[in-house]
Each structure stands twice: as C-alpha cells, then as structure tokens.
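Going by my numbering, the residue at position 201 of the sequence shown is 201; the numbering climbs one at a time, nothing skipped.
Please keep in mind that the hints were generated in silico from the structure rather than gathered at the bench.
Do not rely on the hints blindly, as some may be mistaken.
Derived EDC-like pairs: lysine to aspartate or glutamate, alpha-carbon spacing no greater than 20 angstroms straight-line [to be verified]: (1) K71 <-> E132; (2) K183 <-> E140; (3) K183 <-> D218; (4) K122 <-> D94; (5) K122 <-> D152; (6) K122 <-> E132; (7) K183 <-> E132; (8) K122 <-> E67; (9) K149 <-> E132; (10) K71 <-> D88; (11) K59 <-> D218.
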Amino acid sequence: MLQNWAYRLSMSVISFALSADAGSLPAAETPAKPAAPTRTAGEPEKPSAEAAIRRALTKNVSLWYHEVPLKHVAEDLETQLGVPVRLDTAALTDVSVDDAFPISFSISNVSARAAISLMFRKLQVTAITAHEVLLITSSEAAESVLATKVYDVSDFASDDVSDDDQHDLAALVEVITNCVDQKSWPDNGGPGTIRCFTSAGIRALVVSQNQAVLGQIDDLLAQLRSIRDPGRVGRRASSDLPGKRREAAPPPSPAKDSNVPLNYWFSCSGVDPG
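Produce the entire structure from the sequences given, and follow the hints as far as they go.
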C-alpha cells in the first residue's frame with residue numbers, strides 16, 4: 001500500500017515538472033508566407049500572351065517550304081516568332097488538312113501575318129490568337145470565334161460633349177459596317193455587333209467580331225486618321241488650293257538634258273519632229 005502511494009506521488013511530481021518545462025519553452029513560430037513579387041517602380045509591365053502574339057505577327061519573316069509537313073511548319077513558325085503555335089486538328093480535318101499535309105510556299109521579308117495569310121489562303125486555313133497561343137485552324141472555324149474590342153474614337157467626335165457625339169459615331173459605325181465585311185454584321189445575318197458608348201466623357205465603339213474583321217477595322221481607322229494628319233495639310237502646294245489654277249510644268253528641252261529621248265520631247269511639246 002505504501003509503495004503504491006509513493007509511486008503515484010512520484011508520477012505526479014514528474015508530470016508537474018514536465019508541464020512546467022513545456023510552458024517555459026517558446027511557442028513554435030508559424031512559417032511566414034513568401035511575399036508576393038512586386039514590380040519595381042519604372043519596370044515595364046509584362047504584356048499579355050495575346051499582346052505578345054499580336055506583336056510577333058508584325059515581325060518580318062522569310063519562309064521557304066517545299067512539301068514540308070504542316071506540323072513542322074508550325075514548329076518553324078514557333079521558333080521564328082517566339083510564341084506558342086498549335087494546330088486545331090479537329091477543325092483542320094473538316095477541310096481535309098492534317099498535321100502531315102505537305103506545305104510548299106516561299107516568301108521573303110514580309111510581316112508574319114501577311115505570310116501566314118498568303119500561305120494558307122488556298123487551303124481555307126488561317127491562324128488566330130486563342131487560348132494564349134497562335135492557333136492554326138480552318139477559316140470557317142475562325143469566323144465563329146468572336147472577340148470583343150473597345151475602340152477609343154473620341155477624335156472622331158465633336159469637340160464639345162453633346163448629342164452630336166451620337167451622330168458623329170453613328171456615321172462612323174455606318175462606314176465600318178458598309179465597308180468592312182458586310183456579311184459579318186447582323187443586318188446581313190452575321191454574328192458581329194457594334195455599339196456606341198458615350199458616357200462619363202468616354203467616346204468609344206464596342207465591337208464583337210472575329211479577328212480578321214477586327215484587323216480590317218484597325219486598318220480602316222488608321223487610314224481615316226492619316227487623312228487628318230496635320231503634316232499632310234502643311235505639305236499641300238499653294239497651287240493645289242481651291243480657286244487657283246495649277247500650271248503644268250513645261251517638258252524638258254533636249255538641248256538642256258541630252259538624256260531625254262527626242263521622240264518623248266517632241267510628243268510632249270507638240271512639235272512635229274518632221
């Protein structure tokens with residue numbers, strides 16, 4: 001009995017000592033989460049994958065293929081452009097093209113966008129930006145892939161914010177829908193849409209279309225803006241101004257310029273060579 005009591009007492013003392021030691025130990029520290037990477041002030045923001053592909057398509061390339069399988073053409077384009085290039089095998093099968101289809105094509109020093117368009121045009125094949133890759137697919141499949149783009153067209157609207165904005169932008173919409181792939185717009189049964197947005201000082205067109213049409217809209221707006229280039233006005237000759245007749249320059253004289261053929265000089269001056 002005495003031995004049992006002494007044993008229980010000793011175990012209690014040991015347990016108390018262990019608990020006291022544990023309380024004196026510092027609490028385990030929770031590992032700190034790594035800090036999220038921050039962009040250094042002034043460091044350019046990394047462009048999106050889609051923006052990188054669009055920029056790559058503006059590069060000038062030289063291509064030369066003689067019966068090269070399509071899959072190897074895709075690999076070469078990926079190397080030259082520095083962006084991922086993939087084949088849409090399901091859509092390509094619909095136009096009787098597979099990854100072994102032989103490609104024969106050559107061109108030098110043109111933009112990658114133009115080269116790809118020319119290379120695949122006869123095959124009803126094209127390339128679009130989708131899922132962060134340059135996707136080689138059928139033209140029909142590409143037309144059904146719509147993207148939304150917002151165009152800042154404040155420079156096409158009146159200087160004063162008014163109801164004229166809607167009129168100005170409506171005129172621009174009419175030009176776009178009548179001059180860029182008419183069949184792709186709703187009035188002709190197409191899937192594309194275009195809407196004006198004029199609010200909070202914003203004057204924009206919101207366009208949902210396939211990438212080929214969006215590219216044509218880019219080109220059209222660039223041409224319209226180039227017409228208003230102030231430098232072009234300054235370069236107009238005074239003789240081009242309305243109400244002033246522009247005198248034709250006299251033809252060169254053979255006596256002053258021996259390199260001008262006599263028959264050319266006679267025909268321009270009206271002199272009978274006799």
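Going back to the hint list, which numbers does this structure go against? Violated: hints 5, 6, 7.
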